[in-house]
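Participant: What follows is the residue order along each chain.
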Amino acid sequence: MGWRCYWVRKQLSLDVGDDLPASDRAAIEKHLAACEVCRSYRESLERSRDAMLVTRDEFLAASSSESLWPAMQLRLPHTRDTMRRSWMPAGAMAAASVAIAVLMVDRSGDSGGPPRAAGYESPPARFRTSTDFTGNTLDTSHRHSARFDMPDDSWDERFPARTYFHLEGAQPVDESAPEL
Amino acid sequence: MIKLDEGQSCTRADLADAAVACDPSTDARLVEQVRHGDKEAFGVLVTRYEKKLQRVLYRLVRDPEQARDLAQETFLKVYQHLDRFDTSRRFGPWLFQVGVNQAIDWLRRRKPTVLLSQSPGDDEHAAEITDPDPRPRLELAEEVHQALEQIPLAYRTVLILRDLEGFSCSEVAAIEGRREATIRWRLSRAREMFRKVWESRQNVGR
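Protein chains in written order, with the working numbering: chain A, 689 to 868; chain B, 1228 to 1433.
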């Protein structure tokens, strides 16, 4: 079978159902006039399709004449309202979960340490020390680059040491040295 | 289309009569009415499409009762998701898309069954056919059905929708959610496959 016969047969499968563009039909007819094999192929396509189309109306005898609507009417009110109600508890739970997650992230955000006092303000970075997740101060004296200024008196009032960290081991720094 | 004069009311029967033409604009209007809580409008849509939908489903599942159940489930599903339906699209293809998917899901879930040439209800249904001798017709229908069963479901569906139900290629494309070129290609392949199966069965029978 040549490539032309191959192409024509592809088009014939559409042509038997009037699905072929008119522009291709002329080329098909021209080939069929000269190719008996493709003519025979078209005839077998038409035979099989005609047999299939005979069964087009078979369902009419098997179908019930009763409408679906009366039975469906009884189911509809529950379906739509139930759908609306069912997602509401799920939506509320999802919102609550998100809120709890946000609160937990917020609490563990800075240092994972003990609860903050009301009105607490985070101290400048140079006064912060490393803490483990329980809030216990880690020994950072080995960090040679860590320098701490001596806090002034107001600092103790505003930030009582026990609420967030200790300055144990911290050495006074030469004030002329640059801050980190 | 029903044209109403001022003050004239339109009954459900009027709408049902107009439904034969399946005017997309009335479908869209009915969908809007259903969204606003008018269940009777949905009843019009059901009566408009139920016969054709059941027929399509029957051709796929080959069981009238199952086709009826699937049709009910299709309408219920459509009713539940009506809020999400884009009224710029046509309602009919969307409905059949849901229905065909329901049938395909059911076919994939069911266990393979032995095809019977004569099921118990056939004698009863045969009496309703006005042919003088319905037996050859029923036998031919069963032969065609068995030949169709040998074609892969994706191709069989296109063949049923286009050749047996008369949907246009563009409507089949909308139902299947595919491009029209894809549907034409599948249709060509499906007809070739059916021809091959049919000819081989006819040759075996001789």
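These aren't lab readings, by the way, just hints derived from the structure by calculation.
One or more of the hints may lead you astray.
Calculated from the model, a selection of chain A residues having no Cβ within reach of chain B, i.e. all distances over 10 Å [claimed, not checked]: (1) Gly705; (2) Val742; (3) Ser785; (4) Val793.
Lysine-lysine pairs mimicking DSBU-like chemistry, simulated, CA-CA at most 30 Å apart [to be verified]: (5) A/Lys718 x B/Lys1278; (6) B/Lys1304 x A/Lys698; (7) B/Lys1279 x B/Lys1266; (8) B/Lys1304 x B/Lys1279; (9) B/Lys1278 x B/Lys1266; (10) B/Lys1266 x B/Lys1423.
Footprint (simulated), chain A over chain B, 3 or more residues, beta carbon under 8 Å [stated by the list, open to error]: (11) 1299–1313; (12) 1366–1373; (13) 1380–1392; (14) 1398–1407.
Quick reminder that beta carbons are idealized off the backbone N, C-alpha and C, glycines included.
Participant: Compare the structure with each hint and give your call.
Facilitator: Right, here's what the structure says about each hint:
no.: 1; hint: Gly705; verdict: violated (6 Å)
no.: 2; hint: Val742; verdict: violated (6 Å)
no.: 3; hint: Ser785; verdict: holds (25 Å)
no.: 4; hint: Val793; verdict: holds (33 Å)
no.: 5; hint: A/Lys718 x B/Lys1278; verdict: violated (43 Å)
no.: 6; hint: B/Lys1304 x A/Lys698; verdict: violated (38 Å)
no.: 7; hint: B/Lys1279 x B/Lys1266; verdict: holds (21 Å)
no.: 8; hint: B/Lys1304 x B/Lys1279; verdict: holds (17 Å)
no.: 9; hint: B/Lys1278 x B/Lys1266; verdict: holds (19 Å)
no.: 10; hint: B/Lys1266 x B/Lys1423; verdict: violated (48 Å)
no.: 11; hint: 1299–1313; verdict: holds (count 5)
no.: 12; hint: 1366–1373; verdict: holds (count 5)
no.: 13; hint: 1380–1392; verdict: holds (count 4)
no.: 14; hint: 1398–1407; verdict: violated (count 0)
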